[in-house]
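Asks: Here is how the chains run, residue by residue.
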Amino acid sequence: MSAHSKPQSARPPTQSVGIVKPETVSLFTDSPLTLVSGQTIGPVTVEYETYGRLNDARDNAIFVCHALTGDAHAAGLCNPNDRKPGWWDALIGTGRGIDTEDYFVICANVLGGCQGTTGPGSVNPETGHRYRLNFPFLTVSDIVSVHSELVRYLEIDRLCGIVGGSLGGMQVLEWSVRFPDQIAAAIVVASGHRLSAQGIAFNAVGRRAIYADPGFEQGNYDPKNPPRFGLALARMIAHITYLSEDSIELKFGRRLQDSDEFAFDMLKETEFQIESYLHYQGKRFVQRFDANSYLYLSRAMDYFDLKESYDTLAAACKRATCRFLVVSYDTDWLFPTSQSRELTTALMEVRKHVSFLELNCSFGHDSFLIDIDPLAELIQPFIDQTHADERRRMTGTSKICPPVTSGL
Amino acid sequence: MSVSNRYQLPDISVRLTDELIMQHIDESSRVIDLGCGDGRLLERLRREMNCRVQGIDVERSNLVSVIQRGLPVIAANLDEGLTDIPSSSFDFAVLSQTLQQVKEPRQLLTEMLRVARRALVVVPNFGYWRVRMEVLWHGRTPVTSNLPYEWHESPNLHFMSMFDFRDLIQSMGLTIVKESPIIRGHAVDRAWAANLRADSVFYLLEQRLQ
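Here the protein sequences come in this chain order: Z and W. For the first sequence, my numbering gives the first residue as 1, with consecutive numbering after it. For the second sequence, my numbering gives the first residue as 1001, with consecutive numbering after it.
A couple of the hints might just be wrong.
Claimed, not checked - Simulated DEER-style distance windows between Cβ atoms: (1) Gln-198/Z / Pro-1148/W: 47 to 53 Å; (2) Lys-1103/W / Ile-240/Z: 36 to 42 Å; (3) Lys-251/Z / Lys-1103/W: 46 to 52 Å; (4) Asp-1026/W / Tyr-310/Z: 29 to 35 Å.
As the list claims (entries may be wrong) - Listing some non-contacts, in silico: residues in chain W with all C-beta distances to chain Z over 12 Å: (5) Asp-1057; (6) Phe-1090; (7) Gly-1139; (8) Arg-1208.
Bear in mind the hints are in silico, worked out from the structure with no lab data behind them. Because the structure is a prediction, the values reported are computed rather than measured. Using N, Cα and C, we set each Cβ at its ideal position, and we do this for glycine too.
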């Protein structure tokens, strides 16, 4: 098989997964989940979507982990009139990078989120009131505990693959070292084993914007009247970190929004196109996201540090048994390539099966959500090969590929 | 005179290099192939010799091909060294027909023996008599058959002979465990006037024992 055996043009047209319905399940009903902070929570409602069919061997499941403000709606349309498909629709579907003809895809909203899974905006069954800032402190590890439980609930012993970008990539890493037996392959995209100090800095400013909004009221705001200015500002700041200098220049440049001339009016909020764009992003975000969730999840992202948790990055990596695919983007300055390289080196140090590649794309950190084809070109064979090797492993016919275990 | 009309130093066949390299690699050992191309050799090493393999290449199409074989591969530019590869993580490092193309061959050889116990290298011998004739009669710089480029566009940056290569290895304090001149498509253990008669040479190198 060579790179040229499947030319792009010869591929049959790909197809969306169509209309999808989210599902919910209540987990940790008998005994609550103990979080890293020591606090407990339960039951936990999880909203998730699935695409494709789980085969009889139950060995074709792929779990997709979403990023900071993503949701369970990774692919397809919610209804026939839906304007926009799920956030990774271009990657998931018939004939796409994750082919739903062959694989069963699961995506769940994270613990602490606000799109169907238990989070600060949910009602605490013990008090009858919303958790708000009484929600227990949350880490990436806790998010993964819930994902892992969902997989067990779905009666899947071992996932063929887990894949995620950004905060989703952190979940993938955490999962691969916490529950190694549950995973055959891990795909980490535009992510790292920890957020840089610069990344924490931007998160800090975002949170400060929310705290400083008079409507925040220590988290006790009416959900109908949230701290929208603070939350919008948090989003605007974060959004800049998702773009690149080149992409902003290319898309907006110094162009003005409504006029060819400066207004010389200090009260005019938006003059440049980039201003208008960021305002729009902020406004739209407020409609779909909860400020308290933003505080919790951005903190979880700050706290995540695989090195810190296991002394060294190599020690953390050593726990994993799956194979890895690490992908970075040359214009991503939130999770720069150097981080992916550091991770790759650590994985090699403990003799893991690891492939690493930097893709060229001008869209900065957001590239993983925009420029899907080059990513699909890597993910598709990576998953297919894992699946084939897993089958050989299970049927014991493997002479050529011994199970990948640590230390060999 | 166009490049196509000139004598082109033959690049030894892929089959021969693969066989030569595989002969000198232990079963079930850990092997890193620098400039692994589409992963052909890596797959044979895994299938036929149960090796734990790792590829390095710079071309995206090559990386995809290696992944399609279910093998691990890392994107890296050999000119930038092997900084991502941990020390002593492999038994063998393979570099086939590429050393003359990297900016700093000496540094790359050092790096190979940092990451692996032994280095396997196949290099062209620009001391081959036909190359000498080309220079002598036509006054033209040597060209290889896989890289029939003019001097200003050729990826071949260094033109060394077997003697030159030996000098480098000696000056680096490395040991030549094995030297096989390749004469008319056959690797031989030793040969009379090898520097004149061999078009390529296979080397197995290691750090000099302290």
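Asks: Would Arg-1208/W pass as off the interface with chain Z, using Cβ distances and a cut of 12 Å?
Replies: 26 Å, holds
Asks: At the C-beta level, are Lys-251/Z and Lys-1103/W separated by a distance inside 46 to 52 Å?
Replies: 37 Å, violated
Asks: Over 12 Å from every CB of chain Z: does Phe-1090/W meet that, or does the non-interface label fail?
Replies: About 9 Å separates Phe-1090/W from the closest Cβ of chain Z, which leaves it inside 12 Å; violated.
Asks: Is the gap between the beta carbons of Asp-1026/W and Tyr-310/Z within 29 to 35 Å?
Replies: The hinted range 29 to 35 Å holds for Asp-1026/W and Tyr-310/Z, with Cβ atoms some 33 Å apart.
Asks: 36 to 42 Å was suggested as the range; check whether the CB atoms of Lys-1103/W and Ile-240/Z agree with it.
Replies: Given range 36 to 42 Å: holds, Cβ gap about 38 Å.
Asks: Confirm or reject the claim that Gln-198/Z and Pro-1148/W have a C-beta distance inside 47 to 53 Å.
Replies: About 49 Å separates the Cβ atoms of Gln-198/Z and Pro-1148/W, which means 47 to 53 Å holds.
Asks: Just double-check Asp-1057/W for me: nearest Cβ-Cβ distance to chain Z has to come out over 12 Å.
Replies: 10 Å, violated
Asks: Over 12 Å from every CB of chain Z: does Gly-1139/W meet that, or does the non-interface label fail?
Replies: Correct as stated: the minimum Cβ-Cβ distance to chain Z is 40 Å, above 12 Å.
Hint compliance for this structure: hints 3, 5 and 6 are not met, and every other hint is.
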